[in-house]
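*Asks:* Now for the letters of each chain:
There are 2 protein chains.
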Amino acid sequence: MRDFSQDHRWLSINTATVRKSRGQDLPLTDILDACARHGIRAISPWRDQVAAAGLKTVSAQVRALGLELSGYCRGGMFPSLDAAGQQAARDDNRRAVDEACELAAPCLVLVVGSLPGALAGQAAHKDLQRARDQVRDGIEELFGYAKAAGMPLAIEPLHPMYAGDRACINTMEQALDVCDALDPDKTGALGVAVDVYHVWWDPKLQAQIERAGKSRLLAFHVCDWLTPTTDLLNDRGMMGDGVIDIPRLRGWVEAQGFQGYSEVEIFSTGNWWQREHDEVLRTCIERHRSAV
Amino acid sequence: MRDFSQDHRWLSINTATVRKSRGQDLPLTDILDACARHGIRAISPWRDQVAAAGLKTVSAQVRALGLELSGYCRGGMFPSLDAAGQQAARDDNRRAVDEACELAAPCLVLVVGSLPGALAGQAAHKDLQRARDQVRDGIEELFGYAKAAGMPLAIEPLHPMYAGDRACINTMEQALDVCDALDPDKTGALGVAVDVYHVWWDPKLQAQIERAGKSRLLAFHVCDWLTPTTDLLNDRGMMGDGVIDIPRLRGWVEAQGFQGYSEVEIFSTGNWWQREHDEVLRTCIERHRSAV
Numbered sequence: 189m190r191d192f193s194q195d196h197r198w199l200s201i202n203t204a205t206v207r208k209s210r211g212q213d214l215p216l217t218d219i220l221d222a223c224a225r226h227g228i229r230a231i232s233p234w235r236d237q238v239a240a241a242g243l244k245t246v247s248a249q250v251r252a253l254g255l256e257l258s259g260y261c262r263g264g265m266f267p268s269l270d271a272a273g274q275q276a277a278r279d280d281n282r283r284a285v286d287e288a289c290e291l292a293a294p295c296l297v298l299v300v301g302s303l304p305g306a307l308a309g310q311a312a313h314k315d316l317q318r319a320r321d322q323v324r325d326g327i328e329e330l331f332g333y334a335k336a337a338g339m340p341l342a343i344e345p346l347h348p349m350y351a352g353d354r355a356c357i358n359t360m361e362q363a364l365d366v367c368d369a370l371d372p373d374k375t376g377a378l379g380v381a382v383d384v385y386h387v388w389w390d391p392k393l394q395a396q397i398e399r400a401g402k403s404r405l406l407a408f409h410v411c412d413w414l415t416p417t418t419d420l421l422n423d424r425g426m427m428g429d430g431v432i433d434i435p436r437l438r439g440w441v442e443a444q445g446f447q448g449y450s451e452v453e454i455f456s457t458g459n460w461w462q463r464e465h466d467e468v469l470r471t472c473i474e475r476h477r478s479a480v
Numbered sequence: 189m190r191d192f193s194q195d196h197r198w199l200s201i202n203t204a205t206v207r208k209s210r211g212q213d214l215p216l217t218d219i220l221d222a223c224a225r226h227g228i229r230a231i232s233p234w235r236d237q238v239a240a241a242g243l244k245t246v247s248a249q250v251r252a253l254g255l256e257l258s259g260y261c262r263g264g265m266f267p268s269l270d271a272a273g274q275q276a277a278r279d280d281n282r283r284a285v286d287e288a289c290e291l292a293a294p295c296l297v298l299v300v301g302s303l304p305g306a307l308a309g310q311a312a313h314k315d316l317q318r319a320r321d322q323v324r325d326g327i328e329e330l331f332g333y334a335k336a337a338g339m340p341l342a343i344e345p346l347h348p349m350y351a352g353d354r355a356c357i358n359t360m361e362q363a364l365d366v367c368d369a370l371d372p373d374k375t376g377a378l379g380v381a382v383d384v385y386h387v388w389w390d391p392k393l394q395a396q397i398e399r400a401g402k403s404r405l406l407a408f409h410v411c412d413w414l415t416p417t418t419d420l421l422n423d424r425g426m427m428g429d430g431v432i433d434i435p436r437l438r439g440w441v442e443a444q445g446f447q448g449y450s451e452v453e454i455f456s457t458g459n460w461w462q463r464e465h466d467e468v469l470r471t472c473i474e475r476h477r478s479a480v
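Going down the list, the protein sequences come from chains A and B. Residue numbers for the first sequence, in our numbering: 189 to 480. Residue numbers for the second sequence, in our numbering: 189 to 480.
Calculated directly from the structure, the hints in this document are not laboratory data. Hints should not be assumed to be uniformly reliable.
Here chain A is said to cover these stretches of chain B; the calculated rule only asks that three of the stretch's residues, wherever they fall, bring their Cβ under 8 Å from a Cβ of chain A [to be verified]:
| id | stretch |
| --- | --- |
| 1 | 294 to 308 |
| 2 | 341 to 354 |
| 3 | 381 to 391 |
| 4 | 427 to 437 |
| 5 | 454 to 460 |
| 6 | 464 to 477 |
Below, in silico cross-link-like pairs of lysine to aspartate or glutamate (EDC-like), each with a Cα-Cα straight-line distance of 16 Å or less [what the hints assert, rightly or not]:
| id | chain 1 | residue 1 | chain 2 | residue 2 |
| --- | --- | --- | --- | --- |
| 7 | B | 402 | B | 368 |
| 8 | A | 392 | B | 361 |
| 9 | B | 392 | A | 321 |
| 10 | B | 392 | A | 365 |
| 11 | A | 392 | B | 365 |
| 12 | B | 392 | B | 365 |
All values reported here derive from a predicted model rather than from experimental measurement. By construction, the Cβ of each residue, glycine as well, lies at the ideal position given by its N, Cα and C atoms.
All chains, full assembly: derive it from the sequences and hints.
*Replies:* Structure follows, in structure tokens:
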């Protein structure tokens with residue numbers, strides 16, 4: 189297992205972590221400058237932030253600053269009610285692949301979606317299996333496009349508390365079943381994004397990380413689970429402030445040969461998004477060294 | 189599958205559902221009277237409510253009203269930091285078995301606990317496997333006592349969002365692994381409480397219900413998962429108001445021969461606990477017929 193205590197060579201910042209500074213939106217271009225200033229070598233930006241700044245602008249800035257990407261957030265949201273919805277999802281996901289290529293991301297992260305309408309508060313139906321079938325079909329379709337473009341797809345199993353609205357793939361086992369079905373040769377073109385926040389509770393986690401192996405472990409995300417957690421989406425903790433044994437989980441991933449970035453992804457309306465972003469980045473660096 | 193649309197013969201009320209009426213604590217004795225008044229035949233009371241009213245008082249009232257229990261809430265909370273804590277948990281769980289016997293409950297429901305101190309906001313450690321080992325040992329120890337008393341133990345897998353503080357058994361598969369280890373002959377003395385709120389998201393749910401079979405399916409709890417859910421503990425929905433396909437899940441359970449009560453267990457600070465309890469009970473009856 190790599191020693192992170194001496195530097196932050198393997199720290200990546202998911203740009204949602206500093207999406208806001210003192211409660212105000214922080215443009216992606218400012219985030220990238222701040223990361224470079226703190227000696228952070230990698231980022232994982234969100235599509236909406238890239239769109240707001242302009243893809244070409246961001247791409248040029250990333251190159252100029254010598255930054256790498258640890259992933260691109262995100263494709264997915266496959267289920268829909270009708271053919272028009274499916275077509276729109278398909279088109280949008282292809283654009284996400286193209287953008288990921290432009291930014292030289294190592295993978296496109298997939299948050300796969302679930303019951304249509306649920307995220308807006310009104311699910312159109314309750315058939316979780318139907319959503320899961322659509323997700324599987326959607327990934328299969330996109331996989332062909334992404335393979336041709338040379339962009340690996342990383343399925344991110346989301347915590348079961350998001351099963352109804354954000355993602356109906358909720359365990360590593362389930363994600364790897366899809367990988368095995370669509371990419372039986374383990375080519376590295378299809379795999380998983382392991383976010384400790386989503387999977388730390390899983391009694392089968394270690395076994396499934398071993399099952400995944402190096403070729404399917406495409407990204408590793410960290411934050412922490414607070415007790416109590418006051419919001420289902422935006423109350424993630426800084427590494428070390430919660431109950432996840434992050435070093436143990438990183439050890440399991442690295443035992444399979446994973447040698448990539450440890451990407452910090454924190455959504456925190458009440459705490460970290462209220463702070464000044466330089467303080468947040470300094471804390472990420474410090475905790476990367478002491479608690480990851 | 190039984191037809192629930194014509195009556196509420198198989199409705200049970202978990203007394204937490206009407207723990208408060210218009211925001212005020214409602215004594216258990218009043219809850220029992222109200223249930224009887226509404227023609228509800230079964231309840232599942234909580235230990236703190238029973239203690240407040242007096243065990244003998246409640247036991248006599250239950251008999252006088254001709255009520256049955258669908259379970260007794262709850263034993264468990266096994267993990268602790270030291271021998272004194274383990275002894276205290278052991279003694280308390282034995283008292284819970286004794287109380288369940290006095291109330292003629294069909295089973296004692298186990299919420300097994302997790303990291304010591306986490307529920308109070310400060311976990312003493314982050315070793316989930318250690319907590320899980322203590323839970324397994326604790327259930328084994330209690331199982332001997334409960335068997336002798338003739339009181340079945342129902343392990344309740346809790347939603348993974350409670351893995352850190354309330355219960356480190358989080359899937360049916362994990363609960364059934366414990367059952368298979370401790371009661372390989374499927375005697376009916378050890379099984380699971382299936383609460384749709386905790387398990388609905390699980391892609392292996394149907395398979396694990398089939399694995400459980402009739403002898404291990406000791407209780408069936410219903411409520412609904414709201415989108416959005418605004419609180420991790422106390423924002424459960426009334427059946428029909430959320431995204432869980434409850435009839436499908438009941439069908440899976442009944443396909444194994446389960447013929448017991450459908451127990452409504454709703455914690456709802458902002459909605460149902462603010463309403464008058466008679467309205468809540470009327471709604472439970474209506475939804476039991478239309479949405480379960």
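*Asks:* A separate judgement is required for each hint: does it hold in the structure or not?
*Replies:* Against the structure, the hints come out as follows:
Only residues whose beta carbon comes within less than 8 Å of a beta carbon in chain A count, and the stretch 294 to 308 of chain B has 3; three or more means the coverage holds. With 6 residues having a beta carbon nearer than 8 Å to a beta carbon of chain A, the stretch 341 to 354 of chain B meets the requirement of three or more and the stated coverage holds. Counting residues of the stretch 381 to 391 of chain B whose beta carbon lies closer than 8 Å to any beta carbon of chain A gives 4, which meets the minimum of three for the stated coverage. With 4 residues having a beta carbon nearer than 8 Å to a beta carbon of chain A, the stretch 427 to 437 of chain B meets the requirement of three or more and the stated coverage holds.
Requiring three or more residues with a Cβ within less than 8 Å of a Cβ of chain A, the coverage given for the stretch 454 to 460 of chain B is violated, as only 0 such residues are present. A stretch counts as covered by a chain when three or more of its residues have a beta carbon under 8 Å from one of that chain; for the stretch 464 to 477 of chain B and chain A the count is 0, and the coverage is violated. For the hint pairing residue 402/B with residue 368/B, the CA-to-CA distance comes to about 14 Å; that is within 16 Å, so the pair holds. Proximity of residue 392/A to residue 361/B is assessed by CA-CA distance (about 10 Å); at most 16 Å being required, the pair is judged to hold.
At most 16 Å may separate the alpha-carbon atoms for a hinted pair to count; residue 392/B and residue 321/A meet this at roughly 14 Å. Between residue 392/B and residue 365/A the CA atoms are separated by roughly 12 Å; this keeps the pair inside 16 Å, and the hint holds. Of the pairs offered as hints, the one joining residue 392/A and residue 365/B holds, with about 12 Å between alpha carbons and a cut-off of 16 Å not exceeded. A threshold of 16 Å between alpha carbons decides the hint, and for residue 392/B with residue 365/B the separation of about 14 Å falls inside it, so the pair holds.
Comparing the model with each numbered hint stated earlier shows that hints 5 and 6 do not hold.
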